[in-house]
Amino acid sequence: MRMLRVGRWLTAIGLVLLAGVYVRALAYTPIEATQGMAQKIFYLHVPAAIWAETAMILVGLASVVYLFTKDPRLDRFAASSAEVGTVFCAIVLTTGPIWGKPIWGTWWSWDARLTFTLFLFLIYVGYLLLRGAVADPGARARFAAVIGICGMCEVPFIHLSVYMFPTLHPMPIVLQPGRPRLPGSMLETWLFSLGVFTLLYVGFVVQRYAVSYLREQLEALAET
Amino acid sequence: MMLPQTPPQNSGYMIAAYVIAGAILLGYTLSLYLRARRSLRP
Chain A
0 MRMLRVGRWL
10 TAIGLVLLAG
20 VYVRALAYTP
30 IEATQGMAQK
40 IFYLHVPAAI
50 WAETAMILVG
60 LASVVYLFTK
70 DPRLDRFAAS
80 SAEVGTVFCA
90 IVLTTGPIWG
100 KPIWGTWWSW
110 DARLTFTLFL
120 FLIYVGYLLL
130 RGAVADPGAR
140 ARFAAVIGIC
150 GMCEVPFIHL
160 SVYMFPTLHP
170 MPIVLQPGRP
180 RLPGSMLETW
190 LFSLGVFTLL
200 YVGFVVQRYA
210 VSYLREQLEA
220 LAET
Chain B
0 MMLPQTPPQN
10 SGYMIAAYVI
20 AGAILLGYTL
30 SLYLRARRSL
40 RP
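Chains as they are written, first to last, in numbering that gives the first Met the number 0: chain A, 0 to 223; chain B, 0 to 41.
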């Protein structure tokens with residue numbers, strides 16, 4: 000199947016380039032003076048967080064359109080994006096505490112940004128559990144769409160939580176309009192990493208979509 | 000007088016984060032591969 004092959008190639012290229020991100024982060028970026036080597040977690044943590052949130056927004060948008068059109072391709076895309084978003088959210092929730100321990104002195108704090116991100120992960124898990132629990136495809140897609148829309152509504156709270164609540168989590172660094180700005184080599188490495196995570200997201204979603212399509216074809220064959 | 004500041008020695012945390020992130024991504028890639036293979040099996 001062509002789509003599956005395309006997805007595999009995109010993922011393979013993404014994983015090779017991810018090794019490039021590792022090399023670039025270790026060898027070509029300066030060691031931050033106050034945080035030391037732990038700051039380099041930034042090159043994985045932030046792109047993964049951006050795609051964990053973007054994936055949920057795409058799930059929500061696909062779900063809204065699905066509820067009006069009942070197009071199964073949108074439901075398939077939403078399910079694929081949710082699964083990949085769960086993977087990226089898992090990376091955020093593991094690399095974040097590992098970064099937090101040497102910098103904040105604690106693995107976890109129940110502050111707004113961290114708690115909202117954990118909540119996003121739980122919405123993702125709930126979405127996937129629900130899809131596995133409902134047998135009827137129509138009902139499954141409708142119920143999942145409602146959870147997807149709820150998840151999309153939660154994403155702005157994650158982004159705005161650092162402005163709305165007192166939090167340990169730092170303010171946005173890359174997109175802040177004023178100074179201090181990232182040095183050029185750090186910014187280039189971060190942008191490279193963001194590109195690689197984008198490629199991985201697309202590769203994973205294309206593969207997952209193809210697997211869903213194949214599975215539906217098999218189920219249809221089994222019923223006839 | 001200001002003393003020159005040396006960065007803290009915490010590279011173990013960075014290595015752990017990089018290994019875990021890589022393992023999660025590779026694990027998911029393998030999971031997709033196995034599921035696709037199962038779906039393609041006649």
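These are calculated hints, taken from the structure and not from any lab test. You may find that some hints are simply not true.
Just a few of them, taken from the derived set where beta-carbon distance is under 7 Å, the chain A residues facing chain B [to be verified]:
#, residue
1, Ala-37
2, Ile-40
3, Leu-43
4, Gln-206
Ideal Cβ placement from N, Cα and C applies to all residues, glycine included.
Hints and how they fare:
A least Cβ separation of about 4 Å between Ala-37/A and chain B falls short of the 7 Å threshold, and the interface hint therefore holds. With its C-beta approaching chain B no nearer than about 4 Å, Ile-40/A sits inside the 7 Å limit, and its interface hint holds. Interface hint status for Leu-43/A: upheld, as the beta-carbon distance to the closest one in chain B is roughly 5 Å, under 7 Å. Residue-level restraint check for Gln-206/A holds (minimum Cβ-Cβ distance to chain B is 5 Å; threshold 7 Å).
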